[in-house]
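Peer 1: Here are the chains, one letter per residue:
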Amino acid sequence: MEFFKYISKRILQVIPLLIIVSIISFFIIRLAPIDPLAELRLNPSISQETLDKEIKRLKLDKPIYIQYISWAKSFLKGDLGYTSAGEKVSTKLKERIPNTLLLTSIVVFMTWIVGIPLGIFAAVKKETVFDRTLTVVSSVGMAIPSFFFAILLLIFAVKTGWFPVGGLTSYNFNEFSLIGKFFDLAKHLVLPTVVLFTISLSGLQRQMRANMLEVWDSDYVKFARAKGLSEFKVIFKHALRNAINPMITLLGFEFAGLLSGAALTEYVFQYPGLGRLILEAVMKSDINLVMASLMMGTIMLILGNLIADILLMLTDPRVRGTK
Amino acid sequence: MREFFAKLFQDKFARISFFTLVVLYLIILFANFIAPYSSSYSNRDKAYAPPSKVYTIDEKGKLSRPYTYNYIREFEPTLMQTIYKQDRSQKYYLKLLPKVGGKRHLFGVQDGGELYLLGTDINGRDVFSRLLFGGRISMTVGFLALLIVFPIGLLYGGISGYFGGIVDTLMMRFAEAVMAIPSFYLLIILAAILPTGMTSVQRFGLIVVILALIGWAGFARVVRGMVLSIKNEDFVSAAKTIGASNLRIILKHILPQTTSYVIIAMTLSIPSYILAESGLSFLGLGIQQPDASWGNMLKEAQEFTNIFYRPWLLTPGILIFIAVLSFNLLGDVIRDILDPKSQKRI
Numbered sequence: 002m003e004f005f006k007y008i009s010k011r012i013l014q015v016i017p018l019l020i021i022v023s024i025i026s027f028f029i030i031r032l033a034p035i036d037p038l039a040e041l042r043l044n045p046s047i048s049q050e051t052l053d054k055e056i057k058r059l060k061l062d063k064p065i066y067i068q069y070i071s072w073a074k075s076f077l078k079g080d081l082g083y084t085s086a087g088e089k090v091s092t093k094l095k096e097r098i099p100n101t102l103l104l105t106s107i108v109v110f111m112t113w114i115v116g117i118p119l120g121i122f123a124a125v126k127k128e129t130v131f132d133r134t135l136t137v138v139s140s141v142g143m144a145i146p147s148f149f150f151a152i153l154l155l156i157f158a159v160k161t162g163w164f165p166v167g168g169l170t171s172y173n174f175n176e177f178s179l180i181g182k183f184f185d186l187a188k189h190l191v192l193p194t195v196v197l198f199t200i201s202l203s204g205l206q207r208q209m210r211a212n213m214l215e216v217w218d219s220d221y222v223k224f225a226r227a228k229g230l231s232e233f234k235v236i237f238k239h240a241l242r243n244a245i246n247p248m249i250t251l252l253g254f255e256f257a258g259l260l261s262g263a264a265l266t267e268y269v270f271q272y273p274g275l276g277r278l279i280l281e282a283v284m285k286s287d288i289n290l291v292m293a294s295l296m297m298g299t300i301m302l303i304l305g306n307l308i309a310d311i312l313l314m315l316t317d318p319r320v321r322g323t324k
Numbered sequence: 242m243r244e245f246f247a248k249l250f251q252d253k254f255a256r257i258s259f260f261t262l263v264v265l266y267l268i269i270l271f272a273n274f275i276a277p278y279s280s281s282y283s284n285r286d287k288a289y290a291p292p293s294k295v296y297t298i299d300e301k302g303k304l305s306r307p308y309t310y311n312y313i314r315e316f317e318p319t320l321m322q323t324i325y326k327q328d329r330s331q332k333y334y335l336k337l338l339p340k341v342g343g344k345r346h347l348f349g350v351q352d353g354g355e356l357y358l359l360g361t362d363i364n365g366r367d368v369f370s371r372l373l374f375g376g377r378i379s380m381t382v383g384f385l386a387l388l389i390v391f392p393i394g395l396l397y398g399g400i401s402g403y404f405g406g407i408v409d410t411l412m413m414r415f416a417e418a419v420m421a422i423p424s425f426y427l428l429i430i431l432a433a434i435l436p437t438g439m440t441s442v443q444r445f446g447l448i449v450v451i452l453a454l455i456g457w458a459g460f461a462r463v464v465r466g467m468v469l470s471i472k473n474e475d476f477v478s479a480a481k482t483i484g485a486s487n488l489r490i491i492l493k494h495i496l497p498q499t500t501s502y503v504i505i506a507m508t509l510s511i512p513s514y515i516l517a518e519s520g521l522s523f524l525g526l527g528i529q530q531p532d533a534s535w536g537n538m539l540k541e542a543q544e545f546t547n548i549f550y551r552p553w554l555l556t557p558g559i560l561i562f563i564a565v566l567s568f569n570l571l572g573d574v575i576r577d578i579l580d581p582k583s584q585k586r587i
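As given, the protein sequences belong to chains A and B, one line each in that order. The first sequence runs 2 to 324 under the working numbering. The second sequence runs 242 to 587 under the working numbering.
If you're looking for bench data, these hints aren't it; they were derived computationally from the structure. The structure displayed is predicted, hence computed values, not measured ones. Please note: incorrect hints may appear among the correct ones.
Covered by chain B, according to a simulated footprint, are these stretches of chain A (three or more residues, beta-carbon under 8 Å) [stated by the list, open to error]: (1) 72-86; (2) 134-143; (3) 146-152; (4) 182-195; (5) 264-273; (6) 280-289.
Every residue gets a Cβ at the ideal spot worked out from N, C-alpha and C, and that includes glycine.
Only chain A is shown next, with the shape it has when bound in the complex:
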């Protein structure tokens, strides 16, 4: 019961947050010196009448807070409007969001599988050659600009011909069998995954190492050792369970970082994700699309944090107690 109370409280907190975010984004976009109808105005086949209709529909003749309210109403109904090319914004988003989610979840999964053990190992073997090398490697990983790394990998892909360059599927994707489809997808995902993986792995590994070192000096770990427990048990039963908690909070932030990092990576690899969508929308000043994808990105980020909080509650009894 306690558990559900906590979760519903956290979900309720999300609502005002989303309202503030939508107000901020809406005002930024609408107060900008961008004419949302510029593209329509330049089109000679569109009559003044149609333009007036569009102005009425977007309520551009009304003050900005009325525009916001009408936008919010239709957003809640799931009507996100049309892109400047005339497509439905919601269809566009439905196409792109799963791709970004796929990429980021693979990356998060892999960084955890690799980063946590590496961090533990580096902490346990503190000051050894292994630890020092890892520190240097992770510094390098954190310093490469994602787009530059992506470009280097593109060169590699073309020179070796091992990986396809760009996109998510081959042109003849629909002709493949199920297994063929899977491998085709996997092949296209390798390079973007490597870029994001390298960048987020470095941070995760360092954080894990730092947390582990922190609990390493605590009394309960010393006590566990003094009891004569095996080193394995000390690490995994006592130290790790405490060191992992801050990492779960970090999961939410990692997700945020990935969404941002993914935008540039998606751009370089021509990966059809949310980041590239918002970039294209921004370049075309497609206001409806920008607004909708900004909201979707925010919702994804908030959900990521929410999931992290719930996970933390499951693993850390202290959080359950205080809340």
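Start from chain A and add chain B according to the hints.
Peer 2: Same frame as chain A, but now just chain B:
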């Protein structure tokens, strides 16, 4: 202070990084003098010329003063491509401290010669010189953004934490909302709505402001947390009893306590501004041509032909990498010194 630097230089990585950064900043400070070409130089006949080769041994195998050959552009009909060939008929010797257009440069080449140490770009501009001028923007953008972020973040966090209650709740909800928007998405949107037709100085200033708008919220939140714990200390109550105003207590008594965190946060966040600026400019939303920044120079690397046949266009990426790496390594060591609790690298 002296103790701090002594500790800093004990660390090998910190020493190297510090030295690298000092060299980088000296180079961009004296860019006008070191760069062989001015920032407005452009040789339209030599687009994408490869790096000039500098020889110190002449064709007879003897040691010689350093010299170089010019490139001549030819059209290869079978490949349907423009190619560059060395014009071996004329040697051009390198000169130390020559006077070009009334200004002295560190080095140059004899009249009529062309010296492109890192080749040229699409407009026939010298990549090496542009790297130096671009560094001026890329390496300072972080510091300038911090000049905006810190006062805002300190004051915002200070007020929020000190007053508490409804003020705190409202201010923090707003900061959280800013943080909830994926930062890079917000960044590109803000950059995209900048009006066109600004001077390059105005544009640079606004990019700095935008970067600061993204960064202040997280910083303010941490300051608020620190203020919450500081405000119950005795010296704050003492200041209150003698009738100090709220603003005075925040500015003079509470915020100075956060200094060491501020320094740590500062060094640790500079790389993220450098990366953000280069990412923006890479997308064409940041610093605009003809001004150079490391990010917008890399924009040319978006084309396949460029990265395969003109690898010298990738050099700005290496410089971004070196700068960010140095700041990161330095930041790690500074954190260890100022904040003994963190044991990241000990």
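Peer 1: Confirm or reject each hint.
Peer 2: These are the hints, each one checked on the structure:
1. 72-86: violated (count 0)
2. 134-143: holds (count 4)
3. 146-152: holds (count 5)
4. 182-195: It is violated: at least three residues are needed, and the stretch 182-195 of chain A offers just 0 whose Cβ sits closer than 8 Å to chain B.
5. 264-273: holds (count 4)
6. 280-289: holds (count 4)
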